[in-house]
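**Student:** Line order of the protein sequences matches chains A and B. If you're matching positions, the first sequence starts at 1 in this note's numbering and goes up one per residue. If you're matching positions, the second sequence starts at 1 in this note's numbering and goes up one per residue.
Hints should not be assumed to be uniformly reliable.
As the list claims (entries may be wrong) - Which residues of chain B face chain A? A few of them, derived with a C-beta cut under 8 Å, are:
#1 Y3
#2 P5
#3 T7
#4 G229
The set of hints was computed from the structure by calculation and includes no laboratory data. Every value quoted in this text rests on a predicted model; they were computed, and no experiment measured them. Ideal Cβ placement from N, Cα and C applies to all residues, glycine included.
2 protein chains.
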Amino acid sequence: MAYDPNTLPDVAGLAVGILGGTGDQGRGLGYRLARAGQKVIIGSRTAERGQTAAAELAAMPGVTGPVTGGDNLTAAQQADLVIVALPWQGHAETLAALATALADKIVVDCVNPLGFDNRGPYPLPVEEGSATQQAAGLLPQSRVCGAFHHVSAELLLDPSVERLDQDVLVVAEDRDAAAVVQALANRIPGLRGVYAGRLRNAHQVEALTANLLAINRRYKVHAGIRLTGV
Amino acid sequence: MAYDPNTLPDVAGLAVGILGGTGDQGRGLGYRLARAGQKVIIGSRTAERGQTAAAELAAMPGVTGPVTGGDNLTAAQQADLVIVALPWQGHAETLAALATALADKIVVDCVNPLGFDNRGPYPLPVEEGSATQQAAGLLPQSRVCGAFHHVSAELLLDPSVERLDQDVLVVAEDRDAAAVVQALANRIPGLRGVYAGRLRNAHQVEALTANLLAINRRYKVHAGIRLTGV
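Full structure from sequences and hints, please.
**Tutor:** See the structure below:
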């Protein structure tokens, strides 16, 4: 059926945990979600770092949702839905240790396994196929999706940017979980969550970030993606 | 520097050969380019099939450029720039046999190595990394780029579609060749050619077609991609 945001669930009451929430992508998504009124829990390696980042986000312009912070385990436990914004180095190890806390929850991986050299960015090979599939393998009790790969952290963190003009490609095996993630993306002004295939099609969504970075570098922009015809 | 189509070269005089020009993608691109006034040479396994497809395209609404046809070797020899729209099966073999004819020419690969099963489309593993990189390896004397992966053949071939609302991601090592391909994309109303990284970033551009097909299936659309912020 045609894309219809009105068929998506109401997610305004969901508490969103962010693992690795002190990195740029995690802070950026946390800021936008809190600005949209979502309850956000910033997780980090230490409780202190998570709390500090949360206090900083809570003080940013336009934030209306409550922002708290703690270690990654606390964020996983307290949240209804968890975004994985961990560095690729440490991704597997950190998730494996949180499997019990993340059971039965929707887990949204936004990690892009990329390398950089003097010729620019390029996708790293991932044994499981993609970061999202690695997460799914480590978290068999969770409902793992991939999303939010392409949204520039710089735009997310810039309070003067009112709207983010792009679509969020959501990959998932679980259609209901995908709908929740789409609805969460739609909470951020200008973003639109679109179902974009199964987890075996996650790799190229993650890897395309290398192309977006190449485009940014070439044209001095912050490129995003919009699907046309949808 | 910022994206500026006015800096791209004038390609109106280029003769464009299309290898595998009797398939849907090849015919679709041939139609749009001929409709834009470009000289087009449709190549196929046999001269007869190429000639028949060319005669059919030449008779389609709005075609103003001359369309001729022949076998793939003829198309490679007579063209200034060659689009590779071959089936993935046979891609390597056909290109290897044409290496001499394609020497010194810009070769634009638009092939998406995909598989299909009852769960839908998925990218096939490619030993060289991508179809474009395979072409580059087989054609060391050619200027190989990747482009036109995401444009729906159905839209290309529908004469009632006046404009195609999407961007063409051009991957290339050779910046001047990329500019020619971008300019060629810009000849088709609604398309915009954008440099999108080096050949080592071709795989995910090709593979993303699987996501677009999943989106098409889910929402009953013909999805394309636009870059925002560029």
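**Student:** Could you run down the list of hints and mark each one as holding or not?
**Tutor:** For each hint, the structure was consulted:
no. : hint : in the structure
1   : Y3   : holds, 5 Å
2   : P5   : violated, 12 Å
3   : T7   : violated, 12 Å
4   : G229 : holds, 5 Å
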